[in-house]
Amino acid sequence: MAVGTDDVVDSNPTSARYVLVCRALSALLAMRRGDDTTGQAGKLVTQAVRDMNEHSAALANRLEGIAANEAELNQLRRERTQAEAMVRDLKQQFEDERRNSQERLAGMSRDWERTQKRNQELESVVALAKAKLARSDKLHEDITVERDKSRKLVELVKQLEKQRSSLVSAQMKWEEEREDLMQTVRQAGEQCASLRDQVSMMSTHVAAMESEATRSRSRIRELEDALRARSSAKPPATKHKRRGGARRPT
1 MAVGTDDVVD
11 SNPTSARYVL
21 VCRALSALLA
31 MRRGDDTTGQ
41 AGKLVTQAVR
51 DMNEHSAALA
61 NRLEGIAANE
71 AELNQLRRER
81 TQAEAMVRDL
91 KQQFEDERRN
101 SQERLAGMSR
111 DWERTQKRNQ
121 ELESVVALAK
131 AKLARSDKLH
141 EDITVERDKS
151 RKLVELVKQL
161 EKQRSSLVSA
171 QMKWEEERED
181 LMQTVRQAGE
191 QCASLRDQVS
201 MMSTHVAAME
211 SEATRSRSRI
221 RELEDALRAR
231 SSAKPPATKH
241 KRRGGARRPT
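The numbering of the sequence shown is full-length UniProt numbering, which starts it at 1 and goes up by one.
Hints were generated in silico from the structure; no laboratory data involved. Treat the hints with care, as some may be off.
Derived pair list, reagent style DSS-like, types lysine-lysine, alpha-carbon separation capped at 25 Å [claimed, not checked]: (1) K152 to K173; (2) K91 to K138; (3) K117 to K149; (4) K132 to K91; (5) K162 to K149; (6) K162 to K152; (7) K117 to K138; (8) K138 to K149; (9) K130 to K152; (10) K173 to K162; (11) K158 to K138.
Could you build all of it, start to finish, from the sequences and the hints given here?
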């Protein structure tokens, strides 16, 4: 038995899906009986399975949305209950005021003024509630801003902690370098003291050498004076005779 879907026209997706499933079942029966001569039964079954899977996924998404909105729905119900209680209270107050007004016809003017005052108080309460709501919104915005500031402060504290760790490491390294420098300074001081001792010894030795040089210069001057004095003295005249009687020139 040949089964097609071209003649299925329905504006309702559920009805169309139902018709498609029915035809898929008919196609399966036709396949069992061997009446499927066009090969459309497999396509119908595949299309029906795909459609049901899509429908199941859509239903799952709707169920998730319903579960997500359940808390908000409960909150709205509580708010509606509170509003109904407030309305009942206001209605009861209004009824009490109306009965009192009817019972006190003589004091209608005074009751009317009291009612007007009560209305003004209610308006003040409403205005106060609106102001509180506005302050609540502003407070929510301030809380959001403060939360952002707190997050930024936490990040800043983390950065400062990292910088502090770096500074502590740098300080420890500086302390080590300072200790090395102090050790170097102490060694340099010891070397300077040794050099000062050597310089003092050399100064003493130089002074002794200068004193010896002074004595040597004095001795040299004395010797030079003696040599000059000896050189300035005239030697005695000597005569030489040549053999043969002739004088040799001097």
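Evaluation of the provided hints:
{"no.": "1", "hint": "K152 to K173", "verdict": "31 Å, violated"}
{"no.": "2", "hint": "K91 to K138", "verdict": "32 Å, violated"}
{"no.": "3", "hint": "K117 to K149", "verdict": "46 Å, violated"}
{"no.": "4", "hint": "K132 to K91", "verdict": "24 Å, holds"}
{"no.": "5", "hint": "K162 to K149", "verdict": "20 Å, holds"}
{"no.": "6", "hint": "K162 to K152", "verdict": "15 Å, holds"}
{"no.": "7", "hint": "K117 to K138", "verdict": "31 Å, violated"}
{"no.": "8", "hint": "K138 to K149", "verdict": "16 Å, holds"}
{"no.": "9", "hint": "K130 to K152", "verdict": "33 Å, violated"}
{"no.": "10", "hint": "K173 to K162", "verdict": "16 Å, holds"}
{"no.": "11", "hint": "K158 to K138", "verdict": "30 Å, violated"}
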